[in-house]
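One line per chain: the protein sequences are A and B, in this order.
According to the numbering used here, the first sequence is numbered sequentially starting from 1.
According to the numbering used here, the second sequence is numbered sequentially starting from 1.
There is no bait here: all hints are sound.
Simulated coverage check for chain A against chain B, where a stretch passes if three residues somewhere in it have a Cβ under 8 Å from a Cβ of chain B:
(1) 141-149
(2) 198-206
(3) 241-254
SDA-like cross-link-like pairs, simulated, lysine to any residue; straight-line CA separation at most 20 Å:
(4) K180(A) <-> V211(B)
(5) K224(B) <-> D113(A)
(6) K231(B) <-> D113(A)
Chain A is faced by these chain B residues, among others (derived, beta-carbon under 10 Å):
(7) G154
(8) L177
(9) N242
Everything labelled a hint here was simulated from the structure, so no lab data went into it.
Here a beta-carbon is modelled for each residue, glycine too, at the ideal position from N, C-alpha and C.
This is what each chain is made of:
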Amino acid sequence: MARPTMSHSSSFLLPTTDSAAAAAYAVVVLNQRLPRFAPLLWNRARLRVCADGGANRVFDGMPELLPGEDPDEVRTRYKPDVIKGDMDSIRPEVKEYYSNLGAEIVDESHDQDTTDLHKCVSFITRNPPCSETSNLYILVLGALGGRFDHEMGNINVLYRFSNIRIVLLSDDCSIFLLPKTHSHEIHIERSIEGPHCGLIPMGAPSASTTTTGLRWNLDNTSMSYGGLISTSNIVEEETVRITSDSDLIWTISLRN
Amino acid sequence: MLGRAIRSMDVMVHSSTFLLPKLHQPGHTPAKNYALVVLNQNLPRFMPRLWTHAKLRICADGGANRIFDEMFQLTNEQDYERVRNRYIPEIIEGDMDSIRPEVKRFYSSQGSQISDKSHNQETTDLHKCISRIHRSTSDHEKTNLCVLVTGALGGRFDHEAANINILYLFSDMRIVLLSDDCLIRLLPKTHKHDIYIESSVEGPHCGLFPVGAPSGSTTTTGLKWNLSEAKMRFGSMISTSNIVHAEKGLGWNGP
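So here's chain B without its partners, still in its complex pose (with noise of 0.2 Å):
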């Protein structure tokens, strides 16, 4: 009975072309649009592909210093104006509490739109975001964007722990956190996962972690330490250090 419920699951694509230096189409799988959320933390290395090919370009609050310091040294120009004025978000979003004065000054006489959520202390900047581009996002666009967002893991754990609890919140988007050392998405159980591995960026290391629950049954394929309707559960086993094997990734099913 639950071979068949799997069997009969929709499977779930993912890839990370997102991260290759220039946007093509792979044969297995449609580009995606993505959007970029800049969290409050050190930008990883690889920002200035990753925002100059994004559909939209969100900063959460003090996310947005850390462009306005930072991309500079990220790139091979000189001109440390120039660098400036190119890397505009659309959209900053927050409390407004983390946000320099003259930051916010500069990019909204650049044209970026300050949406000041201060008023709403219940949900993290990221929730807000999140938020936001869930309410502008058709029901079928979702399954084609991705949303990148940067500096969410690391610094404060409590942050990261709500970071993480916005994949689970917002199950139906495709969200991807992302450092200069890894990146993680979830995978919902309600479907089976497909992962093609662009081994020229990401890789060999990866692992699987059953936060928030136990999982009662994994079972993958493509890794060097594959699980076979395995049980995973922090106290007991999880699946750490683990390596990717084919060009074509893992598959994973199961509740």
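So here's chain A without its partners, still in its complex pose (with noise of 0.2 Å):
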């Protein structure tokens, strides 16, 4: 089958890259922890969103992600260009710290159909940052982990927007959705991710995939939870080819 060919890379992740050359991006923070190489992203985004308690992980973390600065000249570089949700776990000085350095706080009704991620992605799909929108990557802090009907409603977002490029990162992994519509070409960044990497069925079973670049690489193979899931592989060469015939979650681990 014809498929269009769909290309992934990771090189937001670079600490130094060509800024014309790398995918335009904008990073949404939830309200967890944030990884370590937070502001290394936040510093090349054309959009910041926090997810309301995302906006104090930002105020407390990344003061302490760079502890050789002063922590006021940190937030006031470091600040998001929006706050958006129901504002129930955004700290009141937070709130105001940051609306006077100019973002902007949209204030919403509890939507309950919706996770806040949902409603960020909404909300930068209806206001790209640039006009390149169809490879604008969405880049997403604090999606995994912690309770775990937040992490399936943050991955239901990743099936629920398949057209838009979201990437949920940790300090561990980063993943990402591989539509079935596409054949994929994964360039891997291999200063700074791998060599661990799984394909997971998460929404149904695959009948086929295949899968060229990995150590264990799949032919025309069967998955499915109960099954075989592709998991504990390693990435064997710079390009990894995935085909398969249900939607696929793509991870690989984030190097220290």
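Taking the hints as your guide, dock the two standalone chains into a single complex.
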């Protein structure tokens, strides 16, 4: 089957990168501890959105991640563009601080049908930070770990917005969706990611998945919960290619 | 036809009495024995209580490092050595590539059985631990034995996914994955489920997720947003940030 190819790269995590060549991205911060690379990601983002208590995490966490610098100066430099949510987690002094610095506070009523992340992704798609929206990445911090229902809801956002490049990042790994509508080419940045990786049929079984570039490649292989899923695999080549009849979650470990 | 099939399904009863301060027998359910499996992540804060009442304690490889290093700060004890000598696993199982040599020596000298499965690279450490329990438990005992696992959630996502798959691969066992924030268990489609909520230690936040395959029909009672023959799948609706209401908690059934 001739499917279009979708290319993926984690160049946004490289310490130094040609900003013209690097992919444009927005950062969303949810309410969990910041990963250690948060300052690096923040700097080159086109848009920075905190979901409610994510603003507390930026306020407290950025100075902690940059201990050699003056906390107030760090907070001024690393300020969100938008704080969105029902504001029941953000501390009043944090909200005031960022509001005074010009952050847009988008208060909203408690909508039970969608998660905080869903609301932020919707917001970003309606208010894109730049013209090239087709390749805009949305990088999410704080979506994994913690309460399991939150994590599941966040992963569901990847499925519900399968036409948008959303990457969930933690200290340990990154994950994103590989929609079945495309063949996928994943360019591995060996200096910052790997070698551990996996392919997970979260939502539905896969009758046939084929890969190249992994230590244990799949060859027209079935995968399902209750059967085989590909975990603790190893990236062996600089490009990993994946084609599947089912949507899959790709995950790769991040190096320290 | 479907209604009749559901009505005649066996009911599986679940409760989290293992989390209560003293193991007691609530009227509605017999006391459950449980085995404890410790994986290689930060111990949850309630680990000392969990350890004390377990029938069997297995550390999966580097889980032994965690007990060795972290138990002390979770207790109110002053004597470091006394704590170390008290919390000795019966078994340490796995491929032994994470456990530190001095930790292995210490527990071995204290009588822990070291079950070195380094020749087997096909399965995860958790898989090996659960296999062992599965093999040594009769079918009858399986319905009453709960296996509690700490350190299975969070961390590397492929590890977490593999750990969740264990629930599916061993769906005839009651396995509960525990973290500081939550617990998760599989509700096999072969049964109706009654979940008794211990509101002093769990809730109110809860959820139901069709991991692995969509659900054509799910029905619940006892939740703030109950499902009524609802379809669930990733890409559409899944039940997150729900709230448990009743003491008895939720009944769940459906394929």
